[in-house]
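Now for the letters of each chain:
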Amino acid sequence: MAFDRVIVATLTPLWPLLDAEERPAVVSEVARSVTRAIVIAPFHIRFAVESVSIVIGLCIVLISAGAGGPLARTLRIDRFYRLLQRLPGSAGSVIRLYRSMTLLAFYDEAPVAEKLLAARPAQNS
Amino acid sequence: MNSELQLEADAVIIGSGAGGASVADVLTAAGLYVIMLEEGGHVPSSSASPVASEAFAAAWRGGGLTAAIGRPPIAYAEGRCVGGGTEINSAIAQRADSDLLDQWRKLYKIENFTPDELSQYYDRAETTVNASLTPGPLGRPTDILRLGGEALGWKVSELKRGQRDCKGANRCSFICPNGAKQSMAVTLLPKSMDRGMRLFARTRVDKIRIEKGRATVVVAQLRDAGGQAVHVRVKAGLVFVCAGAIHTPALLRRCGLRKRIGDTLRIHPTIRATALFDEPVDAHQSRLPLTAVTEFMPEQRIGGAVFTPAVFGLSLAEGWTNRGELMQAWRFCGSYYGMVRPRGVGSVRPLPGINEPLVSFKLAPEDWTSLGQVLTLLGRAMFPAGARKVIPSISGHEDWTTTDGVNEFWNKPLPEKATNLMTIHLFSTCPPGEHRDACAVDSYGRVRGVENLFVADGSLIPEAPGVNPQMTIMALAFRVAEAALSHSAQERARTAARE
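From first to last, the protein sequence lines are chains Z and C.
Take the first sequence: its letters are residues 44 to 168, numbered as in the numbering used here.
Take the second sequence: its letters are residues 191 to 689, numbered as in the numbering used here.
The following block holds chain Z by itself, in its conformation from the complex (with noise of 0.2 Å):
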């Protein structure tokens, strides 16, 4: 579905950095992942989640349009999903359901688990 990829996109994690070539690619093959999750998931939770992901679909497409750059971008979708999770209903519930697809799938695409991989472990923050 086109409101899954627009969703997925916004919701891919940023690290790890991946090549500019590679991640368009990985966004997509997230995507067509959660969009089979979804098609497998009970009726209940597949009704809400298709209902509301063409409303946050258009709203992310909007918010994004008079955004500018790339980062005020990001920013405002951050501060819109923040909100939706905030709010009583199914919407913060869809998009917590979106976020875990989108996070389980994306860290293991192959190059996502190589350059985990391959990060110092003196990372720890």
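Selected chain Z positions facing chain C (in silico; Cβ < 8 Å):
| id | residue |
| --- | --- |
| 1 | 56 |
| 2 | 58 |
| 3 | 76 |
| 4 | 79 |
| 5 | 80 |
| 6 | 86 |
| 7 | 125 |
| 8 | 139 |
| 9 | 140 |
| 10 | 143 |
| 11 | 146 |
| 12 | 149 |
| 13 | 150 |
| 14 | 159 |
Restricting the straight-line Cα-Cα distance to at most 20 Å, the calculated cross-link-like pairs of lysine to aspartate or glutamate (EDC-like) are:
| id | chain 1 | residue 1 | chain 2 | residue 2 |
| --- | --- | --- | --- | --- |
| 15 | C | 602 | C | 588 |
| 16 | C | 350 | C | 333 |
| 17 | Z | 158 | C | 472 |
| 18 | Z | 158 | C | 515 |
| 19 | Z | 158 | Z | 72 |
| 20 | Z | 158 | Z | 65 |
Read the hints as simulated data drawn from the structure, not as lab findings.
Just so we're clear, the structure is a prediction, and the values are computed from it rather than from any experiment.
Don't be surprised by glycine CBs; every beta carbon is placed ideally from N, CA and C.
Take the given structure of chain Z and dock chain C to it, following the hints.
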């Protein structure tokens, strides 16, 4: 619908997990011709994916996206593949506490249910899966839990598992890639198939026809390799429902059997915490923690979870805005959990026209206290083991950097809306016994009012056992199958005498 398959057998078993496979073992050993129907597909070890999202899609119900409705919703996991939950669990082999068994026997009036009487069935279950201590070094995640618990003077136990030459791939939840985990697909199912059992995978049961107090036909739909639906009808003298604590009551209720069925779901509500250390833990290279703090069992237990970068990322998802940076220190982290035996109860209700039932669970006030305490104990254990920081799975909550900080929920319930809970243990939706106001089935798993219909899975465990349930599920399923055989033999003798 393209075609129809009409089958006949001595017995039909619905579900191929710990319960179904144990029933099959008893029946096929007695020479019965058995047909087994399994909703999920077969995922052989050789094709088990190391990628979490693919593994979940292949072997977990709903790809892992299943949750009980409540405040808060509780995410739960169920296996949906040949071998059921035994393919995705950690294969930890524990018996239910003897005092609890006695308590259940008295409360539910369960016949022949003393610890001594159940012992032979537990022995059989443990032998089947080769319940044993895992060989070789257990790794730092295990050491952390042991060090922390022992420093506080608590009882810490090494856990036996159903394994043979475990290689430590750390992929227990994804289907063991080495066949070392002694799951049902490795142990009892091949044995039963060698004795003539036919197993139909990707076959979902829609209904059990019940006429004049007998289950007569099981109606199912099989998806063949090309994705085509095939209508399946199985006539059998004995019918065993072993579809797990969610789908067994859902199926029975769809068949009009509702009395006390699906009204008493119990789980082990589980809360996670991540601990950050100064030295690398490298949990992804180790076995999952194979010790547990057993000092507070059966009410509370502290243990560790499977760790891969992806699963760790998933565990941070709820509080990602504040905790996403922790991912950069993933090699310094360990994932641990505290689980409790709740007083709260849930329910399972089928929804017309929809495959997945509605599952709800309501935690009791004392469950919140117990969860706060087990989280505190878990946090306390991490600091003597060298943790610099403990991060509870409470969205938006600050991290703990001292033992004093950890104590905040000892006398205070956890925040309901922000606490993230999950469970992998579900049971008690068809409690057995002769107490007719409380029990869905008789002492031997037979559904009341239906002569030849039996339940044999986690639904039968009367309440949360406070330990991993696989051994208890197998023990109860062996017992149900033996009783059904004996009942069936008596029935045949009576019929012969009448004729």
